[in-house]
Amino acid sequence: KTCPAMSPPRHGSMTCSTPDNVFETECHFSCDHGYTLVGSKKRTCLAISLWDGLQALCRPVSCSPLKPIPNGIISPTKCTKGKSSYNDECTYECKPGFKLDGPKLRRCVDSGEWSDGELPTTCVDIESPVIKCPENIVVDADFNDASAMVEWPTPQTFDNSGEPVTLTVIPAIVSPRRFDIGVALVLYAAEDRARNRARCNFTVTVRDVEPPTVDRCVSPPTVLSRVLPVSVTWEEPLFSDNSGKPISSWRSHEKPASFPLGTTDIIYEVKDESGNNNTCIITITVQEHACAFPADPMNGRANCTEAENGVFCSLTCNEGYGFALKTPPFYFCAYDGIWQPAEYLPFPDCSITFYSNSIYKIGTVSVTSEGLTCEDNFLLAQLEKHLERKISNRVSLVCRKNVICEVENMIAECEDIRDKMEEESNSIFFRRRRAFNKTMDGGIFRYKRGVPMPHLLAKSMAMNRSSSFGSQESPLIEPPNLLETSSVLNFGNTFYSPTEDSSHIDLGPLKTNLDTAPASTLMNADGLPNKIELEFQLKGKIAETSEERREQNSLMNSVQEAMQFLQDAAYSGELDVSLGNKRLHVEYVKFDEEEPMFVCEPGTVAQGNICLKCPVGTHFNVIYETCEACPLGTYQFLEGQFSCLVCPDRTSTTAGQSKSLGECKAQCLPGSFSATGLEPCETCPIGSYQPTYAQQECIPCPPGTATHRRGVRSSTECRLPCPPGEVSRIGLQPCFPCPDGFFQPHKGEKSCFKCPNNTRTGMQGAKDMNACEGVTQETAKKTIPESAELTINDCFSVPCLHGASCQALEIGFSCVCQPGYTGIYCELEVDECESKPCLNGGSCQDEINAYKCFCTPGYSGEHCEIDVDDCLFEPCFNGATCFDRINGFYCKCPAGFVGPLCQYNIDECISNPCQNDGFCVDLIANYTCDCMLGFEGRNCEINIDDCASSPCKNNATCVDDVMFFKCECLAGYEGELCEIDINECQPQPCMNGATCVDKIAAFKCLCPPSYVGDLCETELSSDFLLHFPSSGILDFVQLDYLPRELSEVTVCFWMLTTDKLHYGTPISYATDEADNLLTLTDYSG
1 KTCPAMSPPR HGSMTCSTPD NVFETECHFS CDHGYTLVGS KKRTCLAISL
51 WDGLQALCRP VSCSPLKPIP NGIISPTKCT KGKSSYNDEC TYECKPGFKL
101 DGPKLRRCVD SGEWSDGELP TTCVDIESPV IKCPENIVVD ADFNDASAMV
151 EWPTPQTFDN SGEPVTLTVI PAIVSPRRFD IGVALVLYAA EDRARNRARC
201 NFTVTVRDVE PPTVDRCVSP PTVLSRVLPV SVTWEEPLFS DNSGKPISSW
251 RSHEKPASFP LGTTDIIYEV KDESGNNNTC IITITVQEHA CAFPADPMNG
301 RANCTEAENG VFCSLTCNEG YGFALKTPPF YFCAYDGIWQ PAEYLPFPDC
351 SITFYSNSIY KIGTVSVTSE GLTCEDNFLL AQLEKHLERK ISNRVSLVCR
401 KNVICEVENM IAECEDIRDK MEEESNSIFF RRRRAFNKTM DGGIFRYKRG
451 VPMPHLLAKS MAMNRSSSFG SQESPLIEPP NLLETSSVLN FGNTFYSPTE
501 DSSHIDLGPL KTNLDTAPAS TLMNADGLPN KIELEFQLKG KIAETSEERR
551 EQNSLMNSVQ EAMQFLQDAA YSGELDVSLG NKRLHVEYVK FDEEEPMFVC
601 EPGTVAQGNI CLKCPVGTHF NVIYETCEAC PLGTYQFLEG QFSCLVCPDR
651 TSTTAGQSKS LGECKAQCLP GSFSATGLEP CETCPIGSYQ PTYAQQECIP
701 CPPGTATHRR GVRSSTECRL PCPPGEVSRI GLQPCFPCPD GFFQPHKGEK
751 SCFKCPNNTR TGMQGAKDMN ACEGVTQETA KKTIPESAEL TINDCFSVPC
801 LHGASCQALE IGFSCVCQPG YTGIYCELEV DECESKPCLN GGSCQDEINA
851 YKCFCTPGYS GEHCEIDVDD CLFEPCFNGA TCFDRINGFY CKCPAGFVGP
901 LCQYNIDECI SNPCQNDGFC VDLIANYTCD CMLGFEGRNC EINIDDCASS
951 PCKNNATCVD DVMFFKCECL AGYEGELCEI DINECQPQPC MNGATCVDKI
1001 AAFKCLCPPS YVGDLCETEL SSDFLLHFPS SGILDFVQLD YLPRELSEVT
1051 VCFWMLTTDK LHYGTPISYA TDEADNLLTL TDYSG
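By UniProt numbering, the letter at position 150 of the sequence shown is numbered 150, and the numbering carries on one by one without gaps.
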């Protein structure tokens, strides 16, 4: 036997013991340099014509994947994704901004390692980080402050390494922070882990847009002198600026100066370093005497005359104008600066006049009836309604052309009740009340059937139509006498009396609710009223507005004619009315004794038949129908207005009756005051404050505290002064101790004195020179402290940490850090391990300005960069080759040896190569098998074939086994060699006398007539029907296996067909030799 021919492996060689590959031929395989053998090194031809072992292949030596390099690329990509083959090359390349350090090329060598494995390759960052500062910032200083709070975003940074960078800033500031007025440069520096740095800067400009503050600007009192010019001096104004820096000033006059009669303005102009300016005007007033002549009233004149005892002034109005407010014949000033009468001040103005075109008269209707009581409100209401309509219709027909007459406000009252109330109070008041209580629209407002009057309206009742308005001869209108509300039936308002004879009457307390009066005062003995009176208002109005006096005469005559008509109609019974079954008789109509009153439109007041608009500076009171001065904080620049305009927010007026917006002066701001609470104001002096507007004085600070400037608004600025040894920017708390080498013996200071000869104090907060080294108490007494050499700065707070030195800058400070620290305040320890200096998996321990690497096993050196050679002492046995690896080595064993050090002989029998219980004998790199009986071959894999002589019969299958065989018989046979044919007819399987015929692995039953089935188990019926729906044998009965051949047959059946085209064979007899030996055929088709 021979085995198939084999080829040597690619990149290797094969050596065989025989050239023809016969049984037991051995072939040895080996690989070229750089390849390693995979498979069997030796293969033997077995007796079964096959080679044992595995196919030999020479696989190239492979190296493990390279670790990716940070910030670099290794190409090709397979170098990091999978193993590389022998002689494969991998190239390192760094990203832009990085520099390659170490071997650029590595090759996979035959040892399965990479070349230059002991030298690391890194990409060193050589590019500075990118930093972007915010844009330059420009802000305005806070109000009344020399600085502004500024907020800015942290500069944006980016480093090509993708790692965070360290930011530092000069001066040492963080957002938000206050910046003083001026321009400050902010410098940011960004540093990456490779110590690359980049810088950017921006400016913060705090603008001073606030003008200097006028702390005090007071004009001197009026100077009285008849000798002119007169020399006057004044108090210098005070100025300050929010910047705290000096300001320049200019003045129009030097004091003292001479001034003429009248007013002269002294102008002070001040300007700060930013160009903001402000002005103080001091007015010098020189008069011959204290009485200043009043200005001409609006639409009029002031006529003044000087006399020995004083100045007399009378006010007159131009033609067509008059005084809506009461005006005395003249004003008098007794050279004391005080004008009298004071109740008519301020001096009034003149307003336009025009004739009234409306008039009214109060009348009373007396009605008698049986059964009508004052408590029947419904009936009284009907009476008022019907009677008012009836009288109004009558008078409308009487009035002259261009005059409209009407009756309004018909109100019923019981006469008994009225008389009783007049007796208890004052009949004059109640007779007069009807003439004055007029509503805003000209109607009458009275109490009605027990309901108290809501208010009484005041009205000027002067009826002297011959008066000359706007002249000195005008009669004085007496001021109204304001009665207590309790004296006018609790009507809830005051009452004006129009005439001199009634203006001073003391009415005393009156009952105010008719509903509470006793019943005996409301009814007569029969419980019925004797009489009911109804008051009404007779009104007349010119249909078209006219300014002519004659139209007023026509109006007056029409109303008087209507009055006479109503009195006559009542006498004749024309005014009687019927309500249901009640006849109400109008007994009489009477009117008040006064002449009809002229009515003026709202916004004007009446003086006889003339109407005057309320002048500027006043408003029309719709309740009292009078002109009233605008109160404080309001003004009115138009005539005839119903209200005054409110001054803008945070402004007011110094007096009432203001006429223009210009009289609204700003309220004193918090931190200032004045005698009126309005401008001009003076800032609060040092040591006081004022938190609210419009104040007349400032609040002193608590004892022991002070403010650092004028104009303070909050008590929080009242602070304790710095104690000796401590200073601050304002001399008040919070304070900081003087640094080493300086002292301050006084409190409330802003700077420290320097020790003589640059000596030190050895501490902070020294309070006197005695603390300076080498200075005795006697020396300190003789030595005058130098001027303040160290003004308070940000370094006084000792902001720098970890031994850093603080350098004061114009804006803020800068910390010079000790090595190993960084940050704005040197608060951060530099992590020298951030740059990852330890290689090959070494761990880094950070130290102050240093680091230490702890190497993983197999590496050494300062940065763990050295790979330890573990093959140096030849650890491998049995001629094995040693290959150095990371923290170890690899022994490449020769054939037949194994183990980490190749110290073990390989037991080739350990894999049990001998089969079929063969015994394995181990050899050097080989083995042999001792086989059991029945087996042969190198591995006892060959079983001797006992079926080679074909012992099995009847096509049975021979199955070989160890030392014997077995026959597997076909169906129907049995026996050790399958030589026996099995009789399937034993026992008899067929039924109904059928005959059993034996076959190979089967049998067949021959059924007698009329039986069918595999076992002849079914008996056929002698009566059955066969149906043939179409030509062809589709249905039949077949008798198989007749016991003998037939010589005759009897068949009986009926056949019915409808097929006229075809014929058929209903009966057929066949034998084994021939078909259709006998047939019955129907040819009728």
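Since the hints were made in silico from the structure, they are not lab data.
Check before you lean on any hint, since a few could be wrong.
Unchecked claim - With a cut-off of at most 20 Å between alpha-carbon atoms, the simulated EDC-like pairs for lysine to aspartate or glutamate come out as follows:
1. K665 with E717
2. K245 with E269
3. K385 with E587
As the list claims (entries may be wrong) - Per label pair, the in silico range of CB-to-CB distance:
4. T222 with S248: 26 to 34 Å
5. A307 with K271: 24 to 32 Å
6. Q696 with P328: 31 to 39 Å
7. P1008 with I944: 52 to 60 Å
8. T36 with E847: 15 to 23 Å
9. E306 with P328: 41 to 49 Å
10. A295 with S248: 17 to 25 Å
11. F312 with N402: 28 to 36 Å
12. E827 with I281: 24 to 32 Å
13. M149 with I281: 31 to 39 Å
14. T36 with E827: 53 to 61 Å
15. L1056 with E984: 43 to 51 Å
16. E1019 with L1056: 22 to 30 Å
Every residue, glycine too, gets a C-beta built ideally from N, C-alpha and C.
Consistency of the hints with the structure:
no. : hint                         : result
1   : K665 with E717               : 28 Å, violated
2   : K245 with E269               : 16 Å, holds
3   : K385 with E587               : 18 Å, holds
4   : T222 with S248: 26 to 34 Å   : 32 Å, holds
5   : A307 with K271: 24 to 32 Å   : 50 Å, violated
6   : Q696 with P328: 31 to 39 Å   : 32 Å, holds
7   : P1008 with I944: 52 to 60 Å  : 59 Å, holds
8   : T36 with E847: 15 to 23 Å    : 47 Å, violated
9   : E306 with P328: 41 to 49 Å   : 19 Å, violated
10  : A295 with S248: 17 to 25 Å   : 39 Å, violated
11  : F312 with N402: 28 to 36 Å   : 47 Å, violated
12  : E827 with I281: 24 to 32 Å   : 56 Å, violated
13  : M149 with I281: 31 to 39 Å   : 35 Å, holds
14  : T36 with E827: 53 to 61 Å    : 60 Å, holds
15  : L1056 with E984: 43 to 51 Å  : 45 Å, holds
16  : E1019 with L1056: 22 to 30 Å : 27 Å, holds
Hint compliance for this structure: hints 1, 5, 8, 9, 10, 11 and 12 are broken, all remaining hints hold.
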